[in-house]
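Trainee: Now for the letters of each chain:
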Amino acid sequence: MYKYDQYDQTMVDARVEEFRDQARRRLEGKLTEDQFKPLRLMNGLYLQLHAYMLRVAIPYGTLDSRQMHALADIADKYDRGYGHFTTRQNIQYNWIKLEDAADILADLAKVEMHAIQTSGNCIRNISSDHFAGAAADELVDPRPYAELLRQWSSFHPEFSYLPRKFKIAVIASEKDRAAMRLHDIGINIVKNEAGELGAAFYVGGGMGRTPMIAPCINPFVPLDQLVTYAEACLRVYNRHGRRDNKYKARIKILVHELGAEEYTRQVEAEFAHLLDQGVEPPLAELERIKTYFEDPLFETGAAAALDRSDPDFALWVDRNTIAHKAEGYASVVISLKPVGGIPGDATAEQMRLMADLAKQYSFDELRVMHTQNIVLPHVRKADLHALWTALDEAGLGSPNLDTVEDIIACPGLDYCSLANARSIPIAQKISERFARTGKTGTLGELKLKISGCINACGHHHAGHIGILGVDRKGVENYQLLLGGSEAEDVSLAKITGPGFDENGIVDAVETVTTVYERERQDGERFVDTYRRIGMDPFKEALYG
Amino acid sequence: MADTLRYRDDEPVDHPAVTVDSFLDQSNASAVRIEPGDDARELLPHLERLALVEVNFPAFGDGRGYSSARILREAGYEGELRAVGDVLVDQLAYMRRCGFDAFEPDQQLDMDDVKAAFERWPEVYQKAADTRTPIWTKRHA
Amino acid sequence: MRLLTGNDLKTGAVTWWTGSDWSIHVEDAVDVTGGEEEIARREESARRVNAPYAVDAELSDGSPRPSHIKERMRALGPTVRPDLTLKPADPEIGNWVI
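Protein chains in written order, with this note's numbering: chain A, 1 to 544; chain B, 1001 to 1141; chain C, 2001 to 2098.
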């Protein structure tokens, strides 16, 4: 993984001192809250429901054991002993004090971490495939491109006061494991007929109030023009994105209102102009970054056979391990979704354990999934049993990847001032219901996502089953949606009808899975059956 | 009235800036003010006439002026480029990188804070409208 | 009744105006009807509170209970982590919020 040189370190250190100074001026009254707010947001510091919340960046979801230990130490030293892994591969701490914030950033800088631009109307954390560098189906590791874009976007002087936030995802495979089409810019590294690598640019996706799937703006941008093209996309947005209405200010609205064709025309014109401005980094820089992402020294001839005599271990292997490009290896998903638990939360103790296990079993590397689980990307199959034993003891061994128990939930009204309804208790009730009825396995792949408000941080539009919490005359109410997908078969979920209360929604989820069990044909996932039979049978079962 | 900060050696223009529409109508104005919604490229055919371009920031959160500034510098404009309005200390460094060489804030700025702001960044990652060398160029020089 | 609430600037803790000071306990909050804007402005300028605003509340068992669930959540803490609320030993706190 990438390691800072003295230049990178200089930048994060300077940022820490800049923020320290800004916080001091706020506490002394030289800055009003209105003046300070965008500055603290650009350092990931929110004023949230219970306290300040700090969102620490985990660039393209990759970190090592030293960094995970540092995250654990921060949880203990400055927070309340835990952190929350987010749907953008970051981590959040919910009980932060402003007077500690600069010190936390300084602690992070010591381990090459930061909270730069994890909030605010600027370019946010660049996300990527959590199986990058391990997946057999990837064209190349997408993360060097994400790292290049990270540097380009950090402290960008022209794009720090955009109309709204800006989220970029980079993948390099046909399978989309990063919800790329639902980002402001999604980039897929592809090969053309001549065998050259280039970047397909998708611009204008997103969820929130008006979910949209990004159209392809340019199917092949040569890799030595990648940054220039991104700059052109951003400049058109900065100049012409709406600033009159906060809820219409994302680039998806601009692309939708101009039409993809006109937006593309403007980008291509700006791109042609910018090609003469020397904006592109030297190709040698990409080559330099790539050297940090070479394969670790996989053992050749590593044993592929597993002793599956323990049925619990076998179940976990089947559900939570993923085929690896190297013989005798697997990628492991550590579930942060214990039945009845808070999705995505981990205690400091659990973080330390995961860090140590990564160091021991996974070439000292971990990944944060946007589905709020943790990946150990490169584990020898021979080590899986020992690893699983350690995880299981610590409550991290739930064999529920991509099942109905593997719920994505935003923090919701328990933590978030934007929320209209609690989302975590719904997730807890649902996972408990299905675990109790023993249905988790029979239902197979079922991606359930819960958002506590229309801002859709739980990605409910992209759920096979989605739940949206709303405020109905001061009382929490939950809408049920069906048929979304964030993968390469991307689609937006549709609402079933009237909403339910907090117990009704759990029953409703069970009801629609019953319809699925009744109607499904060979090999169909829930979402496949829904796409084949349509909404009516589900509506019938829900509302009579 | 707050002090104007100016980082140029030449004489400042001594007459007020006109709007873009007025400027395009007249032939004798040499100072123009761009609003956030104006298209800076409308000025490109007339750059030799211009000694001062003011870019208005009615609210510091509206970042369109940064693009306007960079566009003018990219087109070869060498006159004064002045950020006016809701210009606070914490925006100065980025504004400078986008080509601004003068600042006329609504509120008086603390000069110690201004100095710190301009000295904050020993390095820069990306190319902009200033003369600073991006880190990735230095790495491979 | 109307309560004035905000966050402590330094710590971020949720605070309630008691008539003379800011407390993290909503039981200490007083009715600010008629005076809310003036108090908010004064206290914010003095940086004794950050981002203050007024909310509706009713008296419930003699203590103010904010009318909106979000404000009750702020008053007490996350229902999913009773151990992190202001009343970790009280098994009924979830009901008070919800």
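One or more hints might be untrue.
As the list claims (entries may be wrong) - Partial list, computed: chain C residues near chain A (C-beta under 10 Å):
1) Arg2047
2) Ser2067
3) Thr2079
4) Val2080
5) Arg2081
6) Ala2089
Said to hold, decoys possible - Computed from the model, here is a short list of chain B residues facing chain A with C-beta under 10 Å:
7) Asp1009
8) Glu1011
9) Pro1012
10) Val1013
11) Ala1093
12) Met1095
13) Ala1116
14) Ala1117
15) Trp1121
16) Glu1123
17) Tyr1125
18) Ala1129
19) Pro1134
20) Thr1137
These are calculated hints, taken from the structure and not from any lab test.
Source: prediction; values computed, not measured.
For each residue, glycine too, the CB sits at the ideal point set by N, CA and C.
Trainee: Now tell me if each hint is right for this structure.
Mentor: Results for each hint:
1. Checking Arg2047/C against chain A by beta carbon gives a least distance of about 6 Å; that is within 10 Å, so the hint holds.
2. Taking 10 Å as the C-beta cut-off, the interface hint given for Ser2067/C holds, the closest approach to chain A being about 8 Å.
3. Contact between Thr2079/C and chain A, as hinted, is supported at the beta carbon level, the nearest pair being about 6 Å apart and thus within 10 Å.
4. Residue-level restraint check for Val2080/C holds (minimum Cβ-Cβ distance to chain A is 5 Å; threshold 10 Å).
5. Because the beta carbon of Arg2081/C sits about 8 Å from the nearest beta carbon in chain A, less than 10 Å, this interface hint is met.
6. Interface restraint check: Ala2089/C against chain A, minimum CB-CB distance 17 Å, threshold 10 Å, status violated.
7. The beta carbon of Asp1009/B is not positioned within 10 Å of any beta carbon in chain A (closest approach about 23 Å), and the interface hint is therefore violated.
8. Against a cut-off of 10 Å between C-beta atoms, the interface hint on Glu1011/B is violated, since the closest Cβ of chain A lies about 28 Å away.
9. About 24 Å separates the beta-carbon of Pro1012/B from the nearest beta-carbon of chain A, more than 10 Å, and the hint is not met.
10. A hinted interface residue such as Val1013/B counts as satisfied when its beta carbon comes closer than 10 Å to some beta carbon of chain A; here the least separation is about 25 Å, so the hint is violated.
11. For the restraint placing Ala1093/B at the interface with chain A, the shortest Cβ-Cβ distance is roughly 8 Å, inside the 10 Å limit, so the hint holds.
12. Interface restraint check for Met1095/B: the shortest CB-CB distance to chain A comes to about 7 Å, inside 10 Å, so the restraint holds.
13. Interface restraint check for Ala1116/B: the shortest CB-CB distance to chain A comes to about 7 Å, inside 10 Å, so the restraint holds.
14. Because the closest C-beta pair between Ala1117/B and chain A is about 8 Å apart, less than 10 Å, the hint holds.
15. A distance limit of 10 Å between C-beta atoms decides the matter here; for Trp1121/B the minimum to chain A is near 6 Å, and the interface restraint holds.
16. A cut of 10 Å between beta carbons decides the hint on Glu1123/B: the least distance to chain A is about 5 Å, and the hint holds.
17. With a least beta-carbon distance of about 5 Å to chain A, the hint placing Tyr1125/B at the interface is held under the 10 Å criterion.
18. Annotation: interface hint on Ala1129/B holds; nearest CB of chain A at approximately 8 Å, less than 10 Å.
19. Taken as an interface hint, Pro1134/B checks out: its beta carbon lies about 7 Å from the nearest beta carbon of chain A, inside 10 Å.
20. Against a cut-off of 10 Å between C-beta atoms, the interface hint on Thr1137/B holds, since the closest Cβ of chain A lies about 7 Å away.
Checked against the numbered hints above, the structure breaks hints 6, 7, 8, 9, 10 and satisfies the rest.
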